[in-house]
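Chemist: Protein sequences, first through last, are from chains A and B.
Following this note's numbering, the numbering of the first sequence begins with 71 at its first residue and continues without gaps.
Following this note's numbering, the numbering of the second sequence begins with 17 at its first residue and continues without gaps.
Hints were generated in silico from the structure; no laboratory data involved.
Since this is a predicted model, take the numbers as computed values, not measurements.
Please note: incorrect hints may appear among the correct ones.
[Stated by the list, open to error] Facing chain B, a subset of chain A residues (Cβ under 8 angstroms, in silico):
1. Val-86
2. Leu-87
3. Ala-90
4. Gly-91
5. Ala-93
6. Ile-94
7. Ser-96
8. Leu-137
9. Ile-143
Ideal placement from N, C-alpha and C gives every residue a C-beta, glycine not left out.
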Amino acid sequence: MDQFEVKVFIRLRPSVLDPAGEAIKSASSKLGVAGIKSLRIGKMIEVKIESNEEDIKEKIELLCDRLFANTVIEDYEYSINKL
Amino acid sequence: MATFTVGIVVFPGSNCDRDVSWALEGCLDIKTKFLWHESSDLNDVDSIVLPGGFSYGDYLRCGAIARFSPLINSLHDFVKSGRRVLGICNGFQILTESGFLPGALVANKNLNFICDDVDLNVITSKGGWFQKLNETQNIKLPIAHGEGRYHCDQDTLKKLTDNDLIALKYKTNPNGSTSDIAGITNEKGNVLGLMPHPERACDESIGGIDGLYTLKSLITQ
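All chains should be modelled from the sequences, with the hints used to inform the complete structure.
Modeler: This is how it looks when you write it as structure tokens:
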């Protein structure tokens, strides 16, 4: 068994309106930072997991597809780092 | 024959379970039974309500974690048997997260938690959840949600429309939902999910009785 550190990034699909992102975009311009064309909020989930190397991708796919993200509204990607 | 019993599912964080029980027992004289989400035995109940609230604190996404409870697992066979399931607000979110109904509920367009009475058009008569008297029938029900914007892609919307699965539409869209949708049913019509709260409109003394018919229809077999 090996130890892995996985970082999962979840973002709303481009077709889904992100009103919270719009609110932060508006606040950013109030801070005096001009030129922001788009701002969207996502989530990052860090997982430390013990697994066989051959199974790790399948396990992370299952977690992402069935729990971490709702693929009706979200896309996900991840990076796996063996410790 | 045993008395018809409506099961009301209680998750950690449910907060409309007792309101639903009050409306069914007190206003309609329908027997209810609270079902803890860890129970998987649904043999004692004839229909089920997934009430509003904040199951599992809305962690990750509304309804995302409730989906993994033993009771929701048993709900698949319950639905297949044709018995009726009503998901209200957080219950609707759980039904979409669990795949019983298509689409998803996301944050309101204006980011406000909206607590208001809304006018709704009854769209379908499928499942007999609403007393559809005529083509333009409308009802007034309360809403109370921060993440009630129904979202689906164009293919799903076409399927909902073509198969007459849209139950309710807002007359004035409060949250930015796709096609003004406030509630939908499954193809069989025995599962209804809606953001408005019929249990909060069951007595004139609290502002209206337009929710009575939907709750009463739980005992339709």
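Chemist: If a hint holds in the structure, say so; if it doesn't, say that too.
Modeler: Evaluated hints:
1. At its closest, the beta carbon of Val-86/A sits 6 angstroms from a beta carbon of chain B; the interface hint therefore holds under the 8 angstroms criterion.
2. Interface hint at Leu-87/A: satisfied, since its Cβ lies 6 angstroms from the closest Cβ of chain B, which is below the 8 angstroms cut-off.
3. About 6 angstroms separates the beta-carbon of Ala-90/A from the nearest beta-carbon of chain B, less than 8 angstroms, and the hint is met.
4. At about 10 angstroms, the closest approach between the beta carbon of Gly-91/A and any beta carbon in chain B exceeds 8 angstroms, and the interface hint on this residue is violated.
5. This hint holds: Ala-93/A has a C-beta 6 angstroms from the nearest C-beta of chain B, less than the 8 angstroms allowed.
6. Hint on Ile-94/A is violated. Least Cβ distance to chain B is approximately 11 angstroms, over the 8 angstroms limit.
7. Checking Ser-96/A against chain B: minimum C-beta separation of about 11 angstroms lies over 8 angstroms; hint violated.
8. Taken as an interface hint, Leu-137/A checks out: its beta carbon lies about 7 angstroms from the nearest beta carbon of chain B, inside 8 angstroms.
9. The criterion of a C-beta within 8 angstroms of any C-beta in chain B is met by Ile-143/A, whose closest approach is roughly 5 angstroms, and the hint holds.
Violation of the numbered hints given earlier is confined to hints 4, 6 and 7; the remaining hints are satisfied by the structure.
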